[in-house]
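2 protein chains.
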Amino acid sequence: MPTRIFGDIPGIPEGSEFESRVMLSHYGVHRPLQAGISGSQLEGADSIVLSGGYEDDEDLGDEIIYTGHGGRSLDTGQQVTDQQLARQNLALALNCQRGLPVRVIRGYNHRSPFSPTEGYRYDGLYRIDSYWRERGRSGFYVWRFRLVKLVTVGAPNQVDEERQTYGETRRVDVTIQRIVRNTEIALHVKELYEYQCQVCRTLVFTSAGPYAEAAHIQPLGRPHNGPDTLTNLLCLCPNHHVMFDFGGFGIANDMGLIGLDGQLHQKANHRIDRQFLAYHREHFLMNP
Amino acid sequence: MPTRIFGDIPGIPEGSEFESRVMLSHYGVHRPLQAGISGSQLEGADSIVLSGGYEDDEDLGDEIIYTGHGGRSLDTGQQVTDQQLARQNLALALNCQRGLPVRVIRGYNHRSPFSPTEGYRYDGLYRIDSYWRERGRSGFYVWRFRLVKLVTVGAPNQVDEERQTYGETRRVDVTIQRIVRNTEIALHVKELYEYQCQVCRTLVFTSAGPYAEAAHIQPLGRPHNGPDTLTNLLCLCPNHHVMFDFGGFGIANDMGLIGLDGQLHQKANHRIDRQFLAYHREHFLMNP
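Taken in order, these protein sequences are the chains called A and B.
Using full-length UniProt numbering, read the first sequence as starting at 1 and increasing by one per residue.
Using full-length UniProt numbering, read the second sequence as starting at 1 and increasing by one per residue.
One chain only, chain A, in its complex shape (with noise of 0.2 Å):
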């Protein structure tokens, strides 16, 4: 099975035009032939179309609020039962949770100003910027998402405004991709302490599961330059982010912590450059 692409297919941009679900899937545009959203939930979706579907959908061109898979009647088509955040509904939660991108596709049959009159139109890249239940027209609980266009005009001010990555470039689709990459390594050590924070060991749960930052030792971008590596992360929960990146605490070569009582916990498959966390010390705490 191929790997899922997070972010533009290469050589498909934004208002390209397929004539069926088949050409969609061929491209890897949009791989299902039936299922509305592409995702697995242990990693996001990458990829939904807007076609016919749920009443309570609502499509503003830049916004679109869509409303989550299940709970229909094969027969009818009718909400007969609440709808669950498992499967792929799990899956636009993950990329709410991660930042990560979702193709959006729109076909002839889904009922919008902004859909084309015929085949199906790739539209170019969303975010998912939040996520609820509420109770749709059938009475039944829907999950909701709202997903919101990605910036991708080219003026000469604008910025990237996702902190991580300013600096590097300004063009959009390099900037996902970045996204996309930083995603992948963030994810490799969060999973490698199971989402426990390397500082204090908590766990914090949310409706989609355990959630955790992963925190650049040395920050990316300028000035500071740091790598996007394995050995410049730390998995931390939301507070202790916060502390180590506005100089609450930092780490001395031998994993003790500094301002803060204790020792870093370190699995023995992560190797920490030493030097990442000098250039953290020298520059973020204040009395180091």
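I should point out that these hints are in silico values taken from the structure, not numbers from a laboratory.
Owing to the predicted nature of the structure, the values given are computational and were not obtained by experimental measurement.
Ideal Cβ placement from N, Cα and C applies to all residues, glycine included.
Check each hint, because a few of them may be wrong.
Unchecked claim - Reference excerpt, derived from the structure (chain B facing chain A, CB under 7 Å, subset only):
#, residue
1, Thr-206
2, Ser-207
3, Cys-237
What the hints assert, rightly or not - To give a feel for the contact side, a few chain B residues facing chain A, derived at Cβ under 7 Å:
#, residue
4, Glu-134
5, Phe-205
6, Val-242
7, Phe-246
8, Gly-247
9, His-283
10, Phe-284
11, Met-286
The hints should help you fit chain B onto chain A, whose structure is shown.
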């Protein structure tokens, strides 16, 4: 003393020129006549003037690496001691933590291709992306701030990356006013609890002081449209903010926690509207 204004001064658009510091002060664009940073270590910084100044500064137009204040000899202007993260430097650090914009003014004597040839020019609003300490060319520590210009393109597919304000408006100037207004009420709830989390009483410390987040119970913006009022706000640590936003716990009408042990800590002068708690439980909690 007039209130400190964060954001544009009404009637003074970006690009406005002034012949002297006296005129800058008169129009309220940058009030102090001598200091390069206008701000307080309780409120943050509202404006800076780039003029001559530190040899370590870097001006790339949309991105500025700005060196903090202090440690220089009054006689020679040479750096003779380490800079401290206090006073105006701490003010800039607070902007970073609180998301407050700063007005940037370039002077004729600022060594940069972006400087005016005479007088002073108001060059718009920047956010403080990050700050850190490093040894300047003098060998003494200086504090450095990376400023990134706030996006002002009016392209039709521009979106506001600030999650909480998306959907309200696409005009950046209005957005800035919203950020500032949000920040005032957010500051209020944080100060009410002295930056302690209402769930766990944790106090997160950084080099710029205690850190907490103001969490909206019923989210702002479409489609939730919660109000930006104290009755809809909580003071949370980053961990409990993530958990709350992603359905890791809820709050009952009697302020008992759902999904966590214990009770929400609530000050007598902080009324929390139960309809917002019910909205959150209904839409974000998996098993309410």
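For each hint, the structure was consulted:
For Thr-206 (chain B), the interface hint holds, the least distance from its beta-carbon to any beta-carbon of chain A being 3 Å, beneath 7 Å. Annotation: interface hint on Ser-207 (chain B) holds; nearest CB of chain A at approximately 3 Å, less than 7 Å. Because the smallest distance between the Cβ of Cys-237 (chain B) and any Cβ of chain A comes to about 5 Å, under 7 Å, the interface hint for this residue holds. Interface hint at Glu-134 (chain B): satisfied, since its Cβ lies 6 Å from the closest Cβ of chain A, which is below the 7 Å cut-off.
Checking Phe-205 (chain B) against chain A: minimum C-beta separation of about 5 Å stays under 7 Å; hint holds. Below 7 Å, beta-carbon pairs count as interface contacts, and Val-242 (chain B) has one with chain A at about 5 Å; its hint therefore holds. This hint holds: Phe-246 (chain B) has a C-beta 3 Å from the nearest C-beta of chain A, less than the 7 Å allowed. Using the Cβ-Cβ criterion of 7 Å, the hint placing Gly-247 (chain B) at the interface with chain A is satisfied: the shortest such distance is roughly 3 Å.
For the restraint placing His-283 (chain B) at the interface with chain A, the shortest Cβ-Cβ distance is roughly 4 Å, inside the 7 Å limit, so the hint holds. A cut of 7 Å between beta carbons decides the hint on Phe-284 (chain B): the least distance to chain A is about 6 Å, and the hint holds. A hinted interface residue such as Met-286 (chain B) counts as satisfied when its beta carbon comes closer than 7 Å to some beta carbon of chain A; here the least separation is about 4 Å, so the hint holds.
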